[in-house]
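A.B. asks: Chains as they are written, first to last, in the working numbering: chain A, 527 to 778; chain B, 527 to 778.
Which copy? The list can't say, so a pair holds if one copy fits it or any two copies do.
Quick list of in silico lysine to any residue cross-link-like pairs, SDA-like style, CA-CA up to 25 Å:
no.: 1; residue 1: K528; residue 2: I540
no.: 2; residue 1: K676; residue 2: E761
no.: 3; residue 1: K676; residue 2: A554
no.: 4; residue 1: K595; residue 2: A617
These are computed hints drawn from the structure, not numbers from a lab. None of the values given here were measured: they were computed from a predicted structure.
Spelled out from the first residue to the last, the chains are:
2 protein chains.
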Amino acid sequence: MKEVRLIGLETIPIVEEGDDVGELICQAAEREGVGLQDGDVVVVSHIIVSRAEGRVVNLADVEPSEFAKNIARELGKDPRLVEVVLRESRAIVRMGDGHLICRTKHGFVCANAGVDRSNVPGEDRVALLPEDPDLSARRIRERIRQLTGKDVAVIISDTHGRPLRRGTINVAIGVSGLEPIWDRRGDVDLFGYVLRVTQVAVADELASAAELLMGQASEGVPVVIIRGYGYRPSERASARELVRPREEDLFM
Amino acid sequence: MKEVRLIGLETIPIVEEGDDVGELICQAAEREGVGLQDGDVVVVSHIIVSRAEGRVVNLADVEPSEFAKNIARELGKDPRLVEVVLRESRAIVRMGDGHLICRTKHGFVCANAGVDRSNVPGEDRVALLPEDPDLSARRIRERIRQLTGKDVAVIISDTHGRPLRRGTINVAIGVSGLEPIWDRRGDVDLFGYVLRVTQVAVADELASAAELLMGQASEGVPVVIIRGYGYRPSERASARELVRPREEDLFM
Chain A
527 MKEVRLIGLE TIPIVEEGDD VGELICQAAE REGVGLQDGD VVVVSHIIVS RAEGRVVNLA
587 DVEPSEFAKN IARELGKDPR LVEVVLRESR AIVRMGDGHL ICRTKHGFVC ANAGVDRSNV
647 PGEDRVALLP EDPDLSARRI RERIRQLTGK DVAVIISDTH GRPLRRGTIN VAIGVSGLEP
707 IWDRRGDVDL FGYVLRVTQV AVADELASAA ELLMGQASEG VPVVIIRGYG YRPSERASAR
767 ELVRPREEDL FM
Chain B
527 MKEVRLIGLE TIPIVEEGDD VGELICQAAE REGVGLQDGD VVVVSHIIVS RAEGRVVNLA
587 DVEPSEFAKN IARELGKDPR LVEVVLRESR AIVRMGDGHL ICRTKHGFVC ANAGVDRSNV
647 PGEDRVALLP EDPDLSARRI RERIRQLTGK DVAVIISDTH GRPLRRGTIN VAIGVSGLEP
707 IWDRRGDVDL FGYVLRVTQV AVADELASAA ELLMGQASEG VPVVIIRGYG YRPSERASAR
767 ELVRPREEDL FM
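Extracted from the complex, chain A is given alone in its bound form (with noise of 0.2 Å):
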């Protein structure tokens, strides 16, 4: 028998601009008597990260351009919740249905270019993705070896829905800590046959695992500790690396 854990922290405050998320997260572990462990994956869901960076937009002050209106008119939506999706878009991967798919400046293809409504307190704010996910996710790794001299992986996740499958699913936005992908090319299997093209994304795998305690709450759990993965460490790693060149993509 081999047990991975996932552990939902239940306490972490709701978090405002200026926030120290790395050290709510240390804190609320201590709460719950659960702490911090060398290799646990910390998983943070973007929302907590990007209303700590002050990523929140007040619609009441958004002028949406006349771009921006056309769009809102053919969708049903917003003008400003549009206009501050295009804000954030490097492309309009496409449009209709009342739904709008971009390309974010990070390079993720999601709806609304990540711009998210929920979970962000006032009726007319939303949050936008982390600047950085990468980034936001080091600084929460380094922080939390400083309050606990611990080293474990940071995960920044969201939910995006993708091509050819119903449902959305949690996905790694940001990491820091752990190699996102574990290229297995060349290992041997059970029988002997050695693997050719599997490249397991275990980052986003990671950020699925953590949404089954996530999602459960009515949002009340905006973090997850998995201990037990054996995840191989990685000084350089970006979830860049988890987006596939457009170019390479067979799919489309």
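With the hints as your guide, set chain B onto chain A.
C.D. replies: Quick look at chain B alone, frame taken from chain A:
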């Protein structure tokens, strides 16, 4: 603190045609001291189901068609393997660069129509996906209930590549006993905002969580018990709900 446990079974024997996978799972869970409990989710790698169901083809027995030979030449593949892939496919979605992306008879879009060379004993043998993975899941679930009296949910998993993001993740290709998609439309978030579009593909997230253990021990962990996750029960569930109809696929 809320916890979900991922428990990987390490003593499932090498599965052969005709083996009773449900019974092997019960025996291993007992032997490893974890047993099975009401509400467990049992994730089973399709490869042992395929082997138990005799879905293994000896390439020496396969006569490739002229078209299979053409494609094999184009892609640098074994023409007998291509022939098997074509027999399992309802459509070729894309080909090139040594890859053959197909829509399987079940509707899943994946490389080589899910035909797998690894983890099959014998040089020239390949495994196909189960004929009806939902039915395979249901049989395992019923067998577990019969042997232990416990009501569990069962997911048959496979490893898929995907558009937009690099690396493979584990997804559900067969389910029994749980809703594969958690429809949260109308739920309220932490600040009272009504969620409008969130449907979470929990069966895929459970499959991905399980792979954190399956992938680690050179494929020696074909079954993972997920304990403590409050799934939504369903007697009519099908993994086909996770297949996005082409006409509603905004990404493609």
